[in-house]
Amino acid sequence: MKAIVLNGTNATLVSSRSIPKLRDDYLLIKTVTVALNPTDCKAISQGRGAKNGLAGCDFAGRVEDIGPAVTKRWNKGDRVCGCTHGANSRNLDDGSFAEFIVVKGDVCMRMPDGMSFEEAAGIGVSAITCGQGLFQKLGLNLPLKPIEEKEYILIYGGSTSAGTLAIQYAKLAGYSVLTTCSPRNVDLVKSRGAEAVFDYSDPSCGEEIHRYTKGDLQLVWDTIGSDQGVRTCMTALSTKPGCRYGTILLNDIPRQDVACTRSIMMTFRGEPFHLYGKHFPASAEDFDFAKMFTRLTETLLAENKLKPHPIRICEGGLRGVLNGVGLVQQGNVSGVKLVYRVADTP
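Sequential numbering of the sequence shown, starting at 1, is according to the UniProt record's numbering.
In short, the hints are calculated from the structure, not lab data. Every residue gets a Cβ at the ideal spot worked out from N, C-alpha and C, and that includes glycine. Wrong hints could be hidden among the right ones.
[What the hints assert, rightly or not] The list that follows gives simulated cross-link-like pairs (lysine-lysine, DSSO-like), each with its CA atoms no further than 27 Å apart: (1) K145 <-> K291; (2) K291 <-> K278; (3) K137 <-> K30; (4) K240 <-> K150; (5) K30 <-> K72; (6) K305 <-> K150; (7) K137 <-> K307; (8) K30 <-> K240; (9) K30 <-> K2; (10) K2 <-> K21; (11) K137 <-> K42; (12) K21 <-> K51; (13) K137 <-> K171; (14) K145 <-> K240; (15) K76 <-> K150; (16) K72 <-> K291; (17) K42 <-> K305; (18) K278 <-> K214; (19) K76 <-> K51.
[Unchecked claim] Pairwise CB distance ranges (calculated): (20) E149 <-> L249: 43 to 53 Å; (21) N304 <-> K214: 28 to 38 Å; (22) E285 <-> G225: 17 to 27 Å.
Throw the hints in and build the complete structure from the sequences for me.
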């Protein structure tokens, strides 16, 4: 099969990769579309992933085969989307940038009728990241039980793929959502439910948010993790006790009075792995949460309560993915996720 394979310094498109062997608790998927994430770009351009491993995390496709230990009900031909652990040094067959892939069956999502494979391709990583960051780690109420009293949350980086979903999840859970983005993406984040939007590049952004909330902001989830972003978030937060800041990276924060939570999305499969030179043990808790949250997300998508991030369909299939890495790294992608049709691969 055709696949994007890491070679230790970058990645290449090959045409003779063996179809991965089905594992007991996995699905074999015929991939229809894939989406490109910043983590994929780092793995491909910086040689972070294991040599000869498959790259890619996000996918949408059809079920080809079902492992005997999968507990979620699937049938051959079902339309499915989700994510896997691309560039995984513990298993070289984990990755989505290929014509056939194996993915953990109990944390995949059934696509709703009417949703295209292109739209579905970019949901997996962002949904899992939001679930862990907002609800499992930061402790927000789930959309199943929204809060009734007004409470602010700042989603820093609202026009990212995780950001637009986070705005919607938090709003469905009853929170008053504030966010940051560039001026060109204001309409996008407002369409997803942001109450107020602030220009992240404005040096007074943190002060403006603090003023808007009258010093009552106690919840922040940071989808970017930059030093500038951390400073803005710390300034925006209240000086009252009980403030919480969640992030997806391992940033240090300058305020000792703020509780910091961090999430590494790859723990969602309940399997051990290595990342950033660190060993992460298997987490049954994270796997159980991911099973619950992917089912919740399925329901929200089916009820049209959750909109996928805007997409840009790019040419070239899997070969096009390699070109897309450069676009992302050059800063030429904003407010959209790059999506590729696998059948377009030359």
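Here is how each hint holds up against the structure:
Only pairs whose Cα atoms come within 27 Å are accepted, and K145 paired with K291 is accepted, the gap being roughly 18 Å. Restraint check for K291 and K278: satisfied, since their Cα atoms lie roughly 25 Å apart, inside the 27 Å limit. As the CA atoms of K137 and K30 are separated by approximately 33 Å, the hinted pair breaks the 27 Å bound. Between K240 and K150, the direct Cα distance comes to roughly 17 Å. Compliance with the 27 Å bound is thereby established for this hinted pair.
For the suggested pair K30 and K72, the alpha carbons sit about 18 Å apart, so the restraint of at most 27 Å is met. Distance hint between K305 and K150 is fulfilled; the C-alpha atoms sit about 21 Å from each other, no more than 27 Å. Simply put, K137 and K307 have alpha-carbon atoms about 23 Å apart, close enough for the 27 Å limit, and the pair holds. About 52 Å separates the Cα atoms of K30 and K240, which puts this hinted pair outside 27 Å; it is violated.
With a C-alpha separation of about 12 Å, the suggested pair K30 and K2 falls inside the 27 Å cut-off, and the hint holds. Restraint check for K2 and K21: the C-alpha separation of about 15 Å stays at or below 27 Å, so the hint holds. Of the pairs offered as hints, the one joining K137 and K42 holds, with about 25 Å between alpha carbons and a cut-off of 27 Å not exceeded. Between K21 and K51, the direct Cα distance comes to roughly 19 Å. Compliance with the 27 Å bound is thereby established for this hinted pair.
Between K137 and K171 the alpha-carbon distance is near 17 Å, which keeps this suggested pair within the 27 Å criterion. Between K145 and K240, the direct Cα distance comes to roughly 26 Å. Compliance with the 27 Å bound is thereby established for this hinted pair. For the suggested pair K76 and K150, the alpha carbons sit about 45 Å apart, so the restraint of at most 27 Å is broken. For the given pair, K72 sits about 9 Å from K291 by alpha-carbon distance, which is consistent with the 27 Å threshold.
Straight-line distance between C-alpha atoms of K42 and K305 comes to about 32 Å, which puts the hinted pair past the 27 Å bound. Only pairs whose Cα atoms come within 27 Å are accepted, and K278 paired with K214 is rejected, the gap being roughly 41 Å. At most 27 Å may separate the alpha-carbon atoms for a hinted pair to count; K76 and K51 exceed this at roughly 32 Å. Range check, E149 to L249: about 31 Å between beta-carbon atoms, so the 43 to 53 Å window is missed.
Between N304 and K214 the CB atoms are about 34 Å apart, so this pair conforms to the stated range of 28 to 38 Å. The given range of 17 to 27 Å is respected by E285 and G225, whose C-beta atoms sit roughly 23 Å from each other.
Hints 3, 8, 15, 17, 18, 19 and 20 from the list above are not met by this structure, while the remaining hints are.
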